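Work out the full structure, taking the sequences as your base and the hints as a guide.
Top line first, the protein sequences correspond to chains A and B. Just so you know, we're using our numbering here: the first sequence kicks off at 1 and counts up by one. Just so you know, we're using our numbering here: the second sequence kicks off at 1001 and counts up by one.
Please keep in mind that the hints were generated in silico from the structure rather than gathered at the bench. These numbers were taken from a predicted model, which means no experiment stands behind them. Mixed in with the good hints there might be a few duds.
Just so you have them, the derived chain B footprint on chain A, three or more residues with Cβ under 8 Å [to be verified]:
1) 8-15
2) 32-43
3) 56-68
4) 88-101
Backbone N, C-alpha and C define an ideal beta-carbon position, used for all residues, glycine too.
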Amino acid sequence: MTGGVERYLIVGAVLFVLGALGFFTRRNMIVLVLSAEMMLHGVSLSLVTFSRVHHNLDGQAFTIFILTVAACDAGLALSLILALYQTSKSLDIEFWTELREADLPPPMLAEDAAAPPIVPPEPMHFPRLTPAGRVPDIHDKRDHNLIDDAASPTAESPTEPPKPEDVIKTAKR
Amino acid sequence: MDWIAEHWLEAASLVLIAAGIWWLMPPAPSRPKVVGLLLALVGTALLAVRLHAAAGPHLETVLFFVFAAAAIVCAILMITNRNPMYSALWFALVTLSTCGLFLLQFAPFLAAATVIIYAGAIVVTFVFVIMLAQQSGAAVYDQRSRQPLVATVAAFVVLGALLSTLEDVRGLSEADVFVEARPTSASETPPTTVANPLSRPAENESLASIKALGRSLFGDYLFAVELAGTLLLVATIGAIAIAPRRSRGTL
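As structure tokens, then:
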């Protein structure tokens, strides 16, 4: 029972500020909601600490209400994100920056256009076995088409492919 | 200048953590991540010196530092990761660390409830939505962030302000407040004059008792519980109403 309670408050403050920082900087709507939930974590930790300091259960009861509100929050936010995703086909929050001059483009979209474009990655080459043995007797032409489709690199090209070094980093991770 | 002379350790730790986070922010993918992580870790260690109040090497202290370091480092990794899937998983780790801190704070029911609701329901739902909505690996909006330098500086100024406010309670243990807040006997302060009398644990009852928590919830906060139930119902209806319909073209 000994020990300062200040450090718990400090951790709560750090979690709150880091959540706010994530909310300010990130552009993925899902990460935004996650950051908001992390701010709620910081507040919950502070409330539980206050409950311990004053030796009553008010803080813990408040934290249960925070849990309730967080559950509602997550459900509503996710359905909103899905609805917005249907409209813009992207999770980017910059498509929804309406609070600006009417004749200006969204700030980050202009910056994206000004930034160096992301080089499409090299299509992956997998080793192929050298043909050996007797050629099988295939009357159906569709089998050959299948092989050709698999060899062509146009099967999957993402709309905005990342830089090659990003791909390497992602692979390292 | 006096303030800086007194608090140079905390200021240095905050600056280090801020620099590490700024280094890890998405717009510059070519920076080595190790530098940012090292900066943030050194800053967290310096902050740990500040966190280390005059408490002995008890088990609670050790556990506190483990959980607190895990929470802060996972939080940093969560807000700087370029892949939202990894962000969701780091968030689950933040949740688990916070639950460890709840356990240290005599709140076992809250720890269990938070694990079940956050790690068990919310994070899983988020991962579902990420998989639904973001099927092609890395996207531009994950690679670049919005005003990383300004936001980091502003956030850490706020954090410095919060920490300097917490200076006032440095070294305060719950015993100090506990003696003042607790009624010495039932006769001196009758329960009717105490705010939320049912929220106080009984004489020989621990703060961690679930019975006391239930008495508080369904005694003092009964109307709030009813309101929270209504809120859940309304949110459920709202989520169903907002969610895209299959007839309007599903995902």
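Quick rundown of the hints versus the structure:
Counting residues of the segment 8-15 of chain A whose CB lies closer than 8 Å to any CB of chain B gives 7, so the stated coverage by that chain holds, three being the minimum. A stretch counts as covered by a chain when three or more of its residues have a beta carbon under 8 Å from one of that chain; for the segment 32-43 of chain A and chain B the count is 6, and the coverage holds. Counting residues of the segment 56-68 of chain A whose C-beta sits closer than 8 Å to any C-beta of chain B gives 10, which meets the bar of three, so the coverage hint holds. Residues of the segment 88-101 of chain A with a Cβ under 8 Å from some Cβ of chain B number 5, which satisfies the need for three, so the listed coverage holds.
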